[in-house]
Structure formats: C-alpha cells, structure tokens
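Just need the whole structure built from these sequences, with the hints factored in.
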Amino acid sequence: MPKRTDIKKILIISSGPIVIGQACEFDYSGSQACKALREEGYETVLVNSNPATIMTDPGMADRTYIEPLDPIFIEKIIAKEKPDALLSTLGGQTGLNMGFFLSRAGILKKYGVEVIGADAEAIERAEDRQKFKDTMKSIGLGVPESGIATSVDEGMALGEKLGFPLILRPAFTMGGAGGACVYNVEELKKAVEYALEVSPLKQVLVEESVLGWKEVEFEVIRDCKDNVIIVTSMENVDAMGIHTGDSIVVAPAQSLTTEEFMNLENWCKKIIRATGINGGGTNIQFAVSPVNGEIRVIEINPRVSRSSALASKATGFPIARVAAKLAIGLSLDEIVNQVTGKTYTFFEPTVDYCVFKVCRFAFEKFPGADQTLTTSMKAVGEAMSIGRTFKESLQKGIRSLEYKRYGLGADGNDVPPELSEDIELIKQKLTIPGPDRIFWVRYAVKKGMTNQEIYDHSKIDVWFVDQMRQIVEMEGKVVKYKLKELPLKLLAEAKGMGFSDIQIAHLTKSSEIEVYNLRKEKDITAGYKLVDTCGGEVSPEKPYFYSTFDKGKNECRASNKRKIMVLGGGPNRIGQGIEFDYCCVHASYAIKEEGLEAIMVNSNPETVSTDFDTSDRLYFEPLTREDVLTIVEAEKPEGVIVQFGGQTPLNLAHSLQEAGVPILGTSVDSIDMAEDRKRFQKLLKKLKLTQPENDTAISFEEAKTVADRIGYPVVVRPSYVLGGRAMMIVYDEVDLEEYMQKAVVASPDRPILVDKFLEDAIEVDVDCVADGEDSMICGIMEHIEEAGIHSGDSACAIPTFSLSKTVLNEIRKATHALAKELKVKGLMNIQYAVKGSKLYVLEVNPRASRTVPFIAKATGVSWANIATKVMLGKTLKELGVDKEVVPEHFSVKEAVFPFNRFPGVDPILGPEMKSTGEVMGIDPDLGVAYIKAQIGAGQKLPLEGKVFISVNDRDKRKIVSIAKSFDALGYKIVTTEGTGEVLRKNGLEIEVVAKIGEGRPDVLDLIKNNEVHIIVNTPGDKRTKVDETKIRSGAIMHMVPIITTLSGAQATVSGLEATKKKGFKVKALQDYY
Amino acid sequence: MKKAILVLEDGTTFKGTSFGAEGEVAGEVVFNTQVVGYQEILTDPAYRGKLVSMGYPLIGNYGINDRCNESNKTHASALIVKENSRIYSNWQAKESLADFMKKNNVIGIEGIDTQAVTVYIRDNGEMRGIVSTTDFDKDCLVKKAKAYAVPDLVKEVQHLKIKSQDAKAKTIIINLGVNNSTLAKYPDAAVVSYNTTAEDILAKKPSQVVISSGPGDPTRLTKTVEEVKKLIGEIPIYGIQNGACVLALALGCTVSKMKVGHHGVNYPVVDPKTGNGEISMQNHSFGVDQVSTKVKVVHENLNDKTIEKFQTKDGQCVGTLYFPIDERSKLDPNYKYV
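Chains as they are written, first to last, in the working numbering: chain A, 469 to 1541; chain B, 274 to 611.
Think of the hints as simulated: they come from the structure by calculation, not from any bench.
Hints are all accurate, no fakes.
Below, simulated DMTMM-like cross-link-like pairs (lysine to aspartate or glutamate); rule was C-alpha separation at most 20 Å, straight line:
1. Lys346/B x Glu727/A
2. Lys288/B x Glu961/A
3. Lys810/A x Asp396/B
4. Lys530/B x Glu573/B
5. Lys275/B x Glu961/A
6. Lys1021/A x Asp283/B
Quick caveat: nothing in here was measured; it's all calculated off a predicted structure.
Encoded structure:
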C-alpha cells in the first residue's frame, strides 16, 4: 500500500536517559526511525531528554527537543509543532507509556494527533494485565493462572488462592521493575506493596509461577495488509524465573522440535492479529514446559525493545526501521531489505550461525545489593557474539563482557579450588542464580556432576549444559600439553570451540602472544563470515561480519581502499556507555566524509555503532587484543582510532601498538604520561600547574603518615582503576585504617593513592580538541555538586555560572598548555578544581570523555567529528575551528541512577560513579534549565508542598539560607530535631518529625503517606548511616525527589524560584544555534 | 572419529567426519536454510536421493521423535552438517539423529563448513556430488559423482499402501512422493500410484484430484502428464510443487530445473497485484518458467519473482510451488494446499 499522504509531520517520543531496562537500544531504534521517516519525506519532530544520543543530533530529525519526557513538556511541544501523528512504539516503555497517557488524557485528541504504530487499544490489550489475559484467552492460548491486584489485600487473597511460588508483574513498567518471585506470605506482602508503588496504574499481576520452564521469545511483525513475519526466535539459557534482560540468551532457539516451533510461530501470528497491531512489531515471550511441551504466553511488548534490537543485530533485519515504515502505511513487501539489497522485508530471516547475548552487571558498584537474579532486571549492559557453533559463540560472548574473563573459565581468573571444588557451594550457586552462574556450571562439570544433576539444580537445559561440558572436556585435553607440544589439530579444535589465546596460554603455561604468533605461523587463524539475513541464499550487498574458525570459505570482504578502523566501547557499564558510542558513530561519519572507508568493531548490540549502515564494514567482535588484531590483519587499515570508545579500546592501545598497529591521534606515550602518576607530576611541574597534594602508600602506617602531612580529608583510591572504583573520601584516621585494611589489596607496584581532598571546591570539566599544534576549548562545564562527587554523577552546567573571568582564562591557558605538551591530536578532557581563586588539575584524559555529546548538544558543534578529522590529518585551521563557542543559553546535565533496582542500597553520591545515564535541561535561564534536568532525570520536583530537611553537622550552618529560600517560595518545612533547632534559631517556622525509632509518625511514615514532596538529606557519619539509608532508599522507592548534597539543594531552590517566576518553555535545538 | 568426505562433481571438496551410517552415496546436492526440520527433511519423499546440506550449523539438538516424520522411512541419501549434536534434549525425543540415520542407512558427514556449501551451490547451481567414508580419492569420487544418473525417484517412493479401495474418498492423490503433511490435509483422500490412468481415477468418482509433491525431474513423468491432460476439464485438479510442475506441463506450460531450487521455510509468496501474501515452506528444484495461454499466474515469489501459483481461467486447475505455514492462509481462506 502506498505510504500515507494525509500525515506530514510525525512526533517521535523516545526513551530518555539510560537506565537499567532501557539502554542504547532506543537510540538505535529511534535513529533508524528518524532516518526511515525522513527518507519517505516526512517531517520529524523528536523529543528525548538524553543528550548522549545520536538521534538528538540536530541533523537526525527536523525538529529536535531535548526536553523532559513529561506530559507537561510534551503537550507544549505538540502545541507548538502541531504534528499530525505520534509514533510512540520506538521509545521503549517510556515512550509507549507517554503516548498512552497523552491519548488517555485527551491531549492527542485536543490537538488532532493520530497515534500510529500501535493505537491505544492495541497497547492496552498488550499492556493492561486483565485485557491481555482476556485477549489471549479469546484465541485459546494459555496464560499462567493469575489475578490482578490493586491493593495489598487483593494481592494476599490471590496468593492464597494460587499457591506459592508466585511471580509478581506490575503493569506498565519496564525491565520487570518492581517484579518479584516470592515464596511465602511475608515476601508476598512486601512485594505487592512495592509493586503497587512502582506501577503507574497501581496494578500488579499475581501469577502462578512457571519457574524452570523454558523461556522462548519471538519477534513478530505485521503490516497493514495483514502480512505477518517472524523475525527470529530466541531461547533463554537461564530458564523462567530470571528476567530475560539478565538471562544469557541464544538465538535461534535450540531445543524445540519443528512442530513446537511452528506451533509457537502460529501462536505468534494469532497473538499479533488478536492484539490488533497492524503496522509494527511486537515481542512475545512464552514459557514452554520441558516435561510435556505445554505453552503459556507470559507477556508481549507491542513496541521495539531490547529484544528487538538484539533480534535485529542477530539477523541483520532492521526491525525499528521497518516498524517506522509500516507505521506510515507501507507494507513489508514494499520495503527493500538493505542488507541483501535485492530482496524485500517480507520474508523470514534465517541464520547459519549461533548468536549469544550475555549480560554485564555492576554489583561491585552497589555494595549490599542482592546479587540474586530474579524477574526484576539488574544488568546494566550486554554483549552479543556470533560464532558458527554454540561453543564458539558462548566463549566469544563471555570474553566480550570485559570482566577479565576470556571464555568459560580456564583463563587464570577462576575462583580458588577451595570454592570451586566445594560441592555444596556449587549446588547452591547453581540453584540460586547470580551473575556468575555460568562459571559454576564449569565447576560442577569438573567436580563430576552429570548433565541431569546440573539441570536439576539450575534448570539449565541439559543440551546447553552438555555444550558447556564439551568446552570443559576440551580444556582437559589442552591442559595436558605445553604449548610447544600441543598438537596443532587440537589447537585448531580448541579455537573452533571459541577458546581464546589467553585461555590456551593459561592451559599450556605460555603467553597470549606466544599462542597468537604460533597460530599465525601455523595458519590456524580465524576467517570471517556474514550476517546476511538469509543464511547465504542470496549474495548480500551490505552484510556485516563475525569471525569463526569454521572457514571452508572466508567471506572477508576487505577492500583495497584507504580505510580507518574505529574500536567501539563494548557492553554498557557504569562509566562507559552511550556517550562513547556516540563518539564512535561520529568518528565513522567523519571518516566517510573524508572519503575513506570506516571499519567499526564492537560487540554491543544495543548501539547505533553496530547498525548495519553506520560504517562501511562492521565487525561484531569482542574487543580483545586477539580479536582486534585479527581484524587489523585482514583489513590492514591505515590507522585505528582508540580514543573514542572509552577505556576498553584505550586499554588495547599498548598491545596493539606493540603488534605494529598504527594508532591514530594522541600517541600512546602521551596517554601513558597522563595516566602514570610520576610522569604526570613532572609534566604539571614543567607547566607550572598545581595538583592537590598527594602521595602513595602501601600500608596503613604509610597512609597515615601521608594523611597527617597533607591533612584530612583525603581521597584514597587504588592505582589503575576506572570510574572511581573503590575510591573514598576519608575524614579521619579510623576510616583510613578501615579502608586500608578492608577495601583493597595494595602492593609496591599497585600502591594506594592518597590525595588531599579539596573541601568545598568547585569542580570544572573541560573538553578540548587539538591538532598537535593548536587547541580549541569545546566547552567549560561547571559542576553543581562540589568536588568529591564523581564527575559522571555530578550535575554540571555550560556555560559556567560562578567562575570569574580570571579563573576561566587561567583554565583556558592551562588547557592549551596541557594539549600542546601532550601533543594531543583529537580530544582531551581535563578535570579541574577551583578553590578560592586557586586552580588545581585533578585529572587529564587525552581521549573522548563522557561529556562530548553533551557539549555538542549545548554548543551545536559536532566535536567528535572535528576530532576525527584532526586525527586524519586536518588542522583545526583547515576545519575552520577558530573560535570558542560560549552559548548564551544554559545547558545542564544531570545524572540518572539505578538505585530503584537495588532496594535498600544507600543512594548517596561519592567519588565512585554510580549513574547509568544522563539527561539535559536546556533553557535561557540556568535555574529553569536545572529544574528541567531534574524533571528529566525523574525527580518530579513540585512547585509547592513540603520539604523535609535533615543534614549532617558540617552542613547545618549552610542549610539555613537554603531553608529560608524554600520558605520564601511557600514550601512548608519539616525537619528532624537537630536540623530543626538550627532553623528555628534562625527564625524559620518548621514542623518537627520524630527520628526513626524515636516515635511515630517518623519521616518514613511521611514518605509512605506522600506527605513530603522533596527531601534534602546529606549523609552524616556511620552512627546515623543506618537511619539515613532508610530515609534515602525509602524516598527512592516512593519516588520522592531526594537531594543529598547542599550544593544540589541550593541549585534546586534557585531553580524552583526561577521556574515559578518564568515557567517552562520548550524550544527546539534547531532554534538555539 | 572416522573420516568422511563430500566431493562435488566439479571437484570441489569438503572434508569432515562420519556420523550416522557409513559408506558412500552419490546424489544431487541441495542446501536447506531451515534452523529446525532435519527429521522432516530426511523422511520427506520429495528429498529422495538428495544429499542435503544444512546451512544452520547445529543439527540433532532435539533428537528424533514420533511426530515429525513425513513418511514411514528416510528418503534423503545423506545429511551434511557442521555439527551433529552428541546429545539430544526434548521431551518428545525417542532417539538420537545419528542412531536414526544409522538404522535407516543414511550417511552423515559433520564438521563441514555448510555455509561455504550453501554459497558454493548458490553461485554455481545445484549439482551432483558424493559423500564417502570409504574412498578419499578425489578424482575417483568426481568420476563416481558424474556417473550418478538420477534414477526414477518417483517410482522409488510408491511405497505407500494405495488406499484406492476406499470408495468414499472424495479426493484422489496422485502419488509423486506424497508426504504426511499433505495426507493430514486430506483425511478423506485415497492415494493412487503415479501411473494410474485417468479413466481409473475418474471411475472412482472423486470430487477432486491432488497431484502430490515429490522428488526428481517432473519433466520425466511424461506418462503422468498425459493422464493429467485427460483429467483437465473433467475434475478440479490441484498440484503441489513437483505435482504443480506436472500439472503445468499438462496445461502446456514450460517447466525446467532452477539454478538453485527453493528448500526452506521462509519464502514469501505474494499476489503481485496487491502485495498480499504469506510465508511458505518449499522444497523443489524445478519450476514453471512460462505459462501457456490457458493459465494465469496468481502468486509469485516476492524476491526472485518465480511463479508460485497458477491456475486455469476457470479456476479448476491450480498449481502451487509451496506449502503454506501461516496459521491461516489468507491467500485462500478455504485453503488446503491451493
């Protein structure tokens, strides 16, 4: 059917900041959608609060709004832009819920906006638990026995009726948020309470458990002609009970018969028809009994999703692109399959390889968090791997995660024998799934457990267990040899099973490089095969590549053209995510603009960088020395860009350079100079720059001496860590002793760094680009929170708002000097602290930083693009970069945290990074921009109501003026006794509430009863920590905005004041520059 | 592990190891792009004599069960795979693929880069080949492969008991190699041999005739074609895949071997006028090139534009080159196979 001509302008609501359950996949799908719709001649209006996305580049949509994903703002955008249609199926659960809400609230009707993709009825049939059940029953499909509860009593009654264990699924949440598996009445009560709290509809499904059943997913698409296709099946290696986002997933499904397959596929077609989706896709999850093949449909997601992104990357079929085109009335038979270039999207992709999705967790960032995997998602990232066999793909997947695990164990990083040989511990680890369960399958095999025994404990299908057993058996064969004596046939077999050189080296007591060189000499090397959508049936025009040792035919398509390789960032984790993918994508664009070929290497299926048409050639590969070097040898690029993908590629720079790989941009030596403490100190001395006093220590006594000399508080951290791992601010000797004894193992070559902590200093982040001679400031950002909070977790503003001209000029001078001295070619990030009028250099990173996309959005300049061209040899002059851009409007970046996934974990900020994502608020007024950023980050700050204030003793003096400001704005103030006394003395009228444990109602009661609307609570010492944690995590759970720093409180109250005066306005990025 | 080898008639060689039965067999090499379905492929008479290469690398995972047979014996001569699973896991499984093949004397070769086989056949066309676990002399094997003459495969699949005694049968299936999926669609059918005369068929007073799918070269079935000619105009006739080719020949159309046949479950069949269609399962190496003035093309393959369904102007004779797998065929709501 021809595309619709009655609509011209389409609004796309995306998913906002990266959070657990919603990551880069929506940047990928949203970007695809924008491109697809523009290709068809539609005008696009995009709204997303996340500046780190490719989709919010001003060139992607016609009108781009970086505004909070909140009905107030969206309505303003609709009123201003008057779109004809709203496409809400491309922005994850957030976008879908927003579309649904706008429809329900009559806002769409008011402005005459039609919902395309999936209408409100279809969404309701999929998302509303009762309607979903009814729809499934109407087509005769089993759903787990269940009931809907809207109150705790109803939930308890249902639990009694259905029997334990039970699964709870709150309506309209994503990533299984608020979901749980409960085994008794006590757990049920707690879980129902929580689920009702987090469900926007205050509705929770209490469901019979099908724990241990196979979990199988399908991606299904239907067009307006009722043409239906199944894009792929996926099977969870971890059975029902673990959220699919936390499960190891394999595609296609491996253990179903043809009949079961066809049966499920036919159910999929029935479901999508019954739901009424007729111009889009849906994800469908089934539970299949391993005993008798019984089927239950668990849930469906009538939108693009993390799974659909995975399905797209696994098959080469771009679901989001196709879904966008179907939404405007095209049909599957009219859309060309761009990968083959000669067939259409109306077909079912098939594969001739095995795909794995493995999950990356970040529990180390949240001490005290429960590491058990359940129905509520906890993973922060994922990697995808492709191999010709399950074994090859699995081991590639594990090493893609960059946990320093290089396969299924046998890499020198296994737990010690006293653990791995403890049969009771093994059984426990198999039964209670944690993030490392797969390694315990190995220990179980080694300990002699049978496939069936391992299945009995873990419910991992025996077929999967046996595949892992085969890997362990191979390990047993290889370990018998020294490398020199290792039969080449066995080496080739082991490589065919995905063993990395590091594993082989560990097993044969040699080194990775020795193994690599031996293989090269004996021609036991990987070849490349294609992701082509069609299992080789058609010769594809634009496939992408994976390595395999099954190489009857090497399909490598390396050209003779000039080319540059970009190394991506791998799986998302805290500290390394979408920002770096943004940079890599821009690098690729810039390389192509310069007339060269761009080669991308990455393993993260969520990203734009792994979209099939971002680069000239894409290699879906782990980012390890071995895998990257093999690609370099096949492609022979002129240069490799390592400074855009975050720490992952940077860590490879040394070994790649040693192997003779040309690294583009800033030299590896300069990077080392910035990272090596001693060399860095020398550098600063030469440039007459200052850093906070510091020294190293390997024992408590040494540390004490240092701290005594430079004075408390001090920042302590291990050397060679990233994202502030195990970093702490220590205020006294007692804490220092505890840290030195407990926190880390120090040694002479890995000492503890002790730095003077600059209290109340202003932290400043600077990004600059340099061409080896000249440098240009991209942006100077002033942090809202004081120095000491990890820069990734801190809000910051551009332009700066409190720094004097003198200080700014000093910063510029220092930046240019550092760039020149380090001969920076490309990007560099510097963190400064300003105390009084004194400038300190905290850290220099001669690479792309997390803030590059934010600055690009704030200034309207694509810095990553410029930096790439500089690396390719252009000078800043040639590129016309001759003036620092200082915008007249304010852009504020705020961090977004995953604390709601880890109930009970204290949501305080410190030197260790904990945020998963970021949002941006943009406005002519700093205060309003700050409040926009807060709202975008999920802090629903009200313009009136009650503020609860309780601060530590250090902060008591300074809280007075903040409290006064709140009071002046008309907020009521509630405090605990200590803070209250200070405020009362200063003439404020306050209400005092009991401390926890000292009477009721206490502050927790107020939170639960929704009687406080903003909480200001700064962390005190250990004595008060327990109660404070309760307050702060209670606030998170009940979604009351919480501020844990004084500077944050000050910014909030100023922002609220500005907002009350000026109100919210929306403005497209295209109108800012 | 015992060595095994696959040699194509042009000398292209793939080395692997043996599973299933041992020995040597020549035949036509085809590739299949399905992820599952090895049991159906082995037992479908339409695969008779073929050396089937599975592009999907992991085969045998769910074993062999009682429900996936397309006939009561195996027909494919050899199965070419990347990896035969050493264990199987499915609640319905009765035995392993390897045991099943051994029992039924189907030769298996594993450790083959079947992606490479697919691409080679795709680029060079379906050709003869030989799998051996006994002879590893390439020249000798090429000779043997070239010496392979496709036997009368249809004759070889006439093993079904002919239920022609069933006087009440409304449907007569002319057996070119009928499979269980077809039989399941026509529970009231009587199956007759491919050389049954038109008179005998009409004498049973059926309401329709179905010409089943089957193996081999349909242009060789001249006798059947002649008999079908006599049926045209007398009774509605449906032809499936090779059966459709026979019907097409009887209607004066031209039929020839495709460079690469269709063997898989993901082929889009559409009404070229509307783009309306469905995904189908296919297994045929011969196709209808040109239709005569008597018939019109109703459906075609969206991708390679080959003819997928044709019918006479009065709608009495219909041929399809596919099996439908959609839960409901919207191309024809009263769908059996056509």
